[in-house]
Amino acid sequence: MSQGFLFVSVLLASMVEFVEALTIVLAVGITRQWRSTLLGVGAATLGLAAFVGVFGTAVVAFVPLDALRVVVGGFLLVFGLQWVRKAVLRAAGRKSLHDEEAIFAREREEALRAGKVGPGMDWYAFTVACKGVFLEGAEVAFIVVTFGSNAKNIPLAVLAALLAGVIIVGAGALVHRPLSAVPENTMKFGVGLMLTTFGAFWAGEGIGVRWPGDDLSIPVLLAAFVVLAWLAVMAVRPRPAPAPSAPASRAQA
Amino acid sequence: MTYIKAIYAFWYDFIIGDDWRIAAGVVISLLVAAAAANAVNRSLGTAALLAGVLLTIGYALSRSVRGKG
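Those protein sequence lines, which keep their order, are chains A and B.
So in our numbering, spot 63 of the first sequence is number 63, and the numbers just go up one at a time.
So in our numbering, spot 28 of the second sequence is number 28, and the numbers just go up one at a time.
Straight line, CA to CA, 25 Å or less: simulated DMTMM-like cross-link-like pairs of lysine to aspartate or glutamate: (1) A/Lys131 with B/Asp13; (2) A/Lys95 with B/Asp18; (3) A/Lys152 with A/Asp214.
The following label-pair restraints were derived from C-beta to C-beta distances: (4) B/Val32 with A/Gly4: 31 to 37 Å; (5) B/Val27 with A/Gly4: 27 to 33 Å; (6) A/Ser96 with B/Asp13: 18 to 24 Å; (7) A/Val54 with B/Ala35: 31 to 37 Å; (8) A/Glu110 with B/Ala47: 46 to 52 Å; (9) B/Leu44 with A/Arg239: 35 to 41 Å.
Think of the hints as simulated: they come from the structure by calculation, not from any bench.
Ideal Cβ placement from N, Cα and C applies to all residues, glycine included.
Taking the hints into account, I'd like the entire structure generated from these sequences.
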């Protein structure tokens, strides 16, 4: 069961990051130059693949399992709680929703202001695409290595991330605009809760706590966090301002 | 030096994020839970970890709602 959860968690988390990376790549590619943009994407991808290959292998081969679970679980817990905090605030209306269309428009505007595009290499397009893909991809790589190493199945985690990339890039290539129809805010909420669940479970195993039913407690933990997150959204939602009281009648009947 | 600062800023932002109190809360929760699990019993460790996680996110949310984070 945990392999299935591993696959779905990495798939969803990766899809969220790929949507964000795609927005940046589309904005720069459409506004400036596709060749330089795609070279930037390629450079970032190679760097990330090297990171996952080297770091992931080293972590699995050399780090004792308990230490791995505590450190990796702890990082996932921090990551997950950060996402959950923002997602609860967005769902409660306390923070603006993540809007890919607005980000796309802003990136296009900045790309236009960066000067004319020449016939050779466009370093602005290369740098922005490389940096954007690397930053978003670093989160994918982090999730692949942490989930994969804890489940002792990095290849499955890599497969899930690649599938996410194929789905999102394929959809982006078809529509040729940011994927604003993807329910990104809802997905971030779900992914944050999954990262929190797996982080708590693995870190807990590493420090020696007892999870009733072992792996079977993962879906129970997730369900509990979902309910608590929903209660948190209700709790932090702004209260409507009380209606002003009617002025006292001057003339009594 | 700027390059080193940029790398530090990237990793800080990546790992700690925009609220260091969450990272601190997680570390404290793990330490308390580990002590409870190993010194008393494992189920107490579980309860301590879950309580720590809930207190951490509750505190972070209350600060955000009050406009302090």
